[in-house]
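Undergrad: The sequence shown begins at -8 in the numbering used here and counts up one residue at a time.
Just so you know, the hints here were simulated from the structure itself, not pulled from any lab data. A portion of the hints provided could be inaccurate.
Pairwise CB distance ranges (calculated) [to be verified]:
no. : residue 1 : residue 2 : range
1   : S209      : D477      : 48 to 56 Å
2   : Y443      : G63       : 43 to 51 Å
3   : P169      : R367      : 41 to 49 Å
4   : R60       : R36       : 29 to 37 Å
5   : P176      : R(-3)     : 58 to 66 Å
6   : Q8        : R417      : 31 to 39 Å
7   : L27       : D68       : 40 to 48 Å
8   : A207      : H271      : 36 to 44 Å
9   : L476      : R(-3)     : 18 to 26 Å
10  : L27       : R50       : 28 to 36 Å
Beta carbons: idealized from backbone N, C-alpha and C, even for Gly.
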Amino acid sequence: MSDSSRESLAGAGWEGQQHGAYRELMPARVVNLSWLDPVTLWKARNGPLASLFGDPTGRDRRHWVDGQRERGAAGADLVIERDDPDTFSFLLLGDTGEGDDPQYAVVPGMLAAGAGTRYAVICSDVLYPVGSANEYDTKFFRPYRDYDAPVYAIPGNHDWYDGLTGFMRVFCRAPALPPAPRPRPLSRAWWRTLLWAKPDVPDDARLDEARLMRSAPSQAASQPGPYWAIDSGPIRIIGIDTGLLGGIDGEQGEWLRRVSRGPRPKILVTGSPIYVDGEHHPCAIEGGGTVDEVVRDPERNFVAVIGGDIHNYQRYPVDVDGRRIEYVVSGGGGAFMHATHTIPRVEVGGVTEDRFRCYPMRGDSLAFYSRLYGRRLHLRRLFDLTPDEASAVLARRLGVPATRATGARVTLRTRFVASVLGAPPRPDRRRRLRLPVRRMLTRLLSPGSATYSPPFFKSFLRLDVSPAAVRVRCFAATGLLAHELDPPVEDDFTVPLPGVNGVNGVNRT
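Model the full assembly from the supplied sequences, consistent with the hints where possible.
TA: Here you go:
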């Protein structure tokens, strides 16, 4: 088994190794997405507009779901009934589709580690930058054409930038929504409509050709809408749609409460993680309450919550009234990397630093960003930190032992670079000069940090389900050949399933 990044530099992908064969899967011509391009930012303007002038997501989502029910494509509870055995496996990956090297680099390891899985779930932001139906050929159908099982998905905010038109056409075969009524002149909604980016008109001939890449009967998948529940073996998986701004509408909230009833063990999949970057975001429900209140209700029997949106891996095992709920971020499925070295020493929800896990590890994240700044500022001799130097200085600042053994010294230069690049200060020190990495400019710097040569620090999950437990492994995808053949395991944990009366100790109702 390959070393993980927690064990060696080679496991992290830092040492010179042979590049993988993932480029053989890519189209002959690939246009790398630039998040520093004003044209790209203008295409993705609907998120800021929703914040300023009101969010139409809830209204449009209701229209999408009502249309599905009227066409007979969705039942009242939006449940996907699967004939899975009591013991089975599935994959989960989030924030996938920029259509470039990092996305395709995930595929070989995913196919290797995903052998024998029954299906896959994409958790947030299937496509970038705006979820256009006309980009699904190279950003969904082509990369996953050799995955011989169904793929289900929940949308992220970028999938909503075209009003969910592309997502609904691909995953639900739904026609476009009719035009919304004209708002009152000079109202907030009127200004929003005036500036709102309209969805691309889907090219159905192009889509039909793309579908041929995943046309085997074993790959067929049908889902009732942008949110759903899957009854699969002994568990129920519930996927919610958190739209543009990270909340859910009242109708979806009532649906979530309804389909969460009963003792059957449940896993929630969401586009907005509830625990992330050392903070708690319970996810508001329109009209009152939060998603996390539903999750924590012991009568609903949730055992895990997995969210996308943030492009790395994080895990928070939270004790809730004597039981454990695993809160996971899994957004490393192919898009640009969000920094982890800016996460402060974890003390949230009863989870402390020794129980928290992340990938990439903070030191590797800092080394990655130091090289990025060194190149961009033409100050490599100042900024470039080795992975050992980055790990050592972060261990000092967080007051914890370095995860990976290092003999590097903490110097004035390494302290300066760590401080400037947003590493958390020591508890007894105030923040001084720092360049914006996570907060103000994270929407520009992190997207602009994409690189097209390894290591990529991407990840995906394999979940092995039995009546007694769910084993969850986070696999790394670095873009290196050795890791394509034998993906490193960066985290491995087991979630017990509470046994109740029923088949094999689990009630399926």
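Undergrad: Now tell me if each hint is right for this structure.
TA: Here's how the hints hold up against the structure:
no., hint, result
1, S209 to D477: 48 to 56 Å, "violated (25 Å)"
2, Y443 to G63: 43 to 51 Å, "holds (45 Å)"
3, P169 to R367: 41 to 49 Å, "holds (46 Å)"
4, R60 to R36: 29 to 37 Å, "holds (31 Å)"
5, P176 to R(-3): 58 to 66 Å, "holds (59 Å)"
6, Q8 to R417: 31 to 39 Å, "holds (35 Å)"
7, L27 to D68: 40 to 48 Å, "holds (44 Å)"
8, A207 to H271: 36 to 44 Å, "holds (42 Å)"
9, L476 to R(-3): 18 to 26 Å, "holds (20 Å)"
10, L27 to R50: 28 to 36 Å, "holds (33 Å)"
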